[in-house]
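Asker: Going down the list, the sequences are from chains S and D.
For what it's worth, the UniProt record's numbering labels the leading residue of the first sequence as 1, then goes sequentially.
For what it's worth, the UniProt record's numbering labels the leading residue of the second sequence as 1, then goes sequentially.
What the hints contain is simulated information worked out from the structure, not anything from laboratory work.
Keep in mind that the hints are not guaranteed to be accurate.
[Claimed, not checked] If the Cβ cut is set under 8 Å, some of the chain S residues that face chain D in the computed set are:
| id | residue |
| --- | --- |
| 1 | PRO119 |
| 2 | GLN123 |
| 3 | LEU128 |
| 4 | ALA130 |
| 5 | GLY131 |
For every residue, glycine included, the Cβ atom is placed at its ideal position computed from N, Cα and C.
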Amino acid sequence: MLSAEEWGIVRLSLLVGGTAMLVTLPIAFVLAWALARWRFPGRVLLDGIVHLPLVVPPVVTGWVLLLAFGPEGPVGRWLAEWFGVSVLFRWTGAAIAAAVMALPLVVRTIRLSIEAVDPRLEQAARTLGAGRMRVFATITLPLCAPGVLAGLVLGFARSIGEFGATITFVSNVPGETATLPLAIYSALQRPGGEEMVWRLASVSVVLSLVALVASEWLARRMGRGLHVL
Amino acid sequence: MSFDVDVTVRRGEGQIAACFATGPGATVLFGPSGVGKTTILQMVAGLVRPDTGHVRVAGETLFDAATRIDIRPEHRRIGYVFQEPRLFPHRRVAANLRYGMGRGGSDWDGVIAMLGIGHLLDRWPRSLSGGEARRVAIGRALLSNPRVLLLDEPLSSLDRARRGDILNALEAVRDQSGIPILMVTHDPEEAERIATAIVRL
Chain S
1 MLSAEEWGIV
11 RLSLLVGGTA
21 MLVTLPIAFV
31 LAWALARWRF
41 PGRVLLDGIV
51 HLPLVVPPVV
61 TGWVLLLAFG
71 PEGPVGRWLA
81 EWFGVSVLFR
91 WTGAAIAAAV
101 MALPLVVRTI
111 RLSIEAVDPR
121 LEQAARTLGA
131 GRMRVFATIT
141 LPLCAPGVLA
151 GLVLGFARSI
161 GEFGATITFV
171 SNVPGETATL
181 PLAIYSALQR
191 PGGEEMVWRL
201 ASVSVVLSLV
211 ALVASEWLAR
221 RMGRGLHVL
Chain D
1 MSFDVDVTVR
11 RGEGQIAACF
21 ATGPGATVLF
31 GPSGVGKTTI
41 LQMVAGLVRP
51 DTGHVRVAGE
61 TLFDAATRID
71 IRPEHRRIGY
81 VFQEPRLFPH
91 RRVAANLRYG
101 MGRGGSDWDG
111 VIAMLGIGHL
121 LDRWPRSLSG
131 GEARRVAIGR
141 ALLSNPRVLL
151 LDEPLSSLDR
161 ARRGDILNAL
171 EAVRDQSGIP
181 ILMVTHDPEE
191 AERIATAIVR
201 L
């Protein structure tokens, strides 16, 4: 069905999407928790910054990443000096771009799921002798877990579809940064590439559809107060 | 003294104040809705911090503004049955009941029999009727081996038959367990039946 080259593209996309979500999860959870539960000056500003990648042209996001991670950029220089690595033209860079672009979606979904946990249940747990950590581990986390998973699945789908920021930031290198959308773009430029476009596009649609259905299912489980873990 | 409470707290425009000291048995805080009865229970449990005064329960100081004592709710050993059952929706009835049992010293079989909830243990909270959920909530509070029991309108929004069940259960708790009870209600009939002492607000 798919050629070895096409399988490689699918594998790379899954690797980039999966890594992006691993990186995003802890950051998104802390951001979502802060936005949902803490009252601090600058909360609205933080909310705005988190949502920026959703509304700024992706090319601009990619360019900002290039400035930050490039050889002269603050993060890029730090990575080079301490670890001797660069993420430019590498799949790790593609994962970073995907993570940043997916962050607003993931934070939003996790935040809603944290806000949906009834604080009165946490109070009840406290009066039953549970300290803050135990309340978090046994009440808050299990109750918002379906929403957290739904956010990750949605973010994963978004990562696999990421195009503009990725091509600006780490370019379109076959086998390294050319995920599904970038590979489709290249195939479209190439005479006789139509069949490959059809196959890769079909894979994209199927992957996205599965992710959306899974995310909906998880969100609905949460709405009914069910648990998945 | 089972309860020695003297507290004030600001709430918006007004102020909620309460001062009472009572012995063993059941103390009923009786008064119309909106005078802050629930807030008083929350201050005893440590969920709301009073501005001034003190809370002493069964001889131990749980809060004292003067000496800056403010014991955390999880260390107060107070069984709190809220107005809504507040059962954990992701745990079966048995797991809800066991949640506070870490402190030890609870009489599982006795509590289950007294409240008649043995047949509910495998059920999920969402499948319980109002009266069943209320009994499980009372059982969960009792099984956490509390020094005292706080009850916030335990009979509200229940039909007549269910109210009878819960009232019997509460009388059993009062007479069999010997745990001092502090109960909030606006219903004079309930107050008369349960109370050893009544505090009017």
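Asker: Hint by hint, say whether it matches the structure.
Answerer: How the hints compare with the structure:
For the restraint placing PRO119 (chain S) at the interface with chain D, the shortest Cβ-Cβ distance is roughly 10 Å, beyond the 8 Å limit, so the hint is violated. Hint status for GLN123 (chain S): holds, given a least beta-carbon distance of 5 Å to chain D, under 8 Å. The beta carbon of LEU128 (chain S) comes within 3 Å of a beta carbon in chain D, closer than 8 Å, and the hint placing it at the interface holds. Satisfaction of the interface hint for ALA130 (chain S) is found here, the shortest Cβ-Cβ separation to chain D being roughly 6 Å, below the 8 Å cut-off.
At a threshold of 8 Å, the smallest CB-CB gap from GLY131 (chain S) to chain D is about 5 Å, leaving the interface hint in force.
Going through the hint list in order, the structure does not satisfy hint 1, though it satisfies all others.
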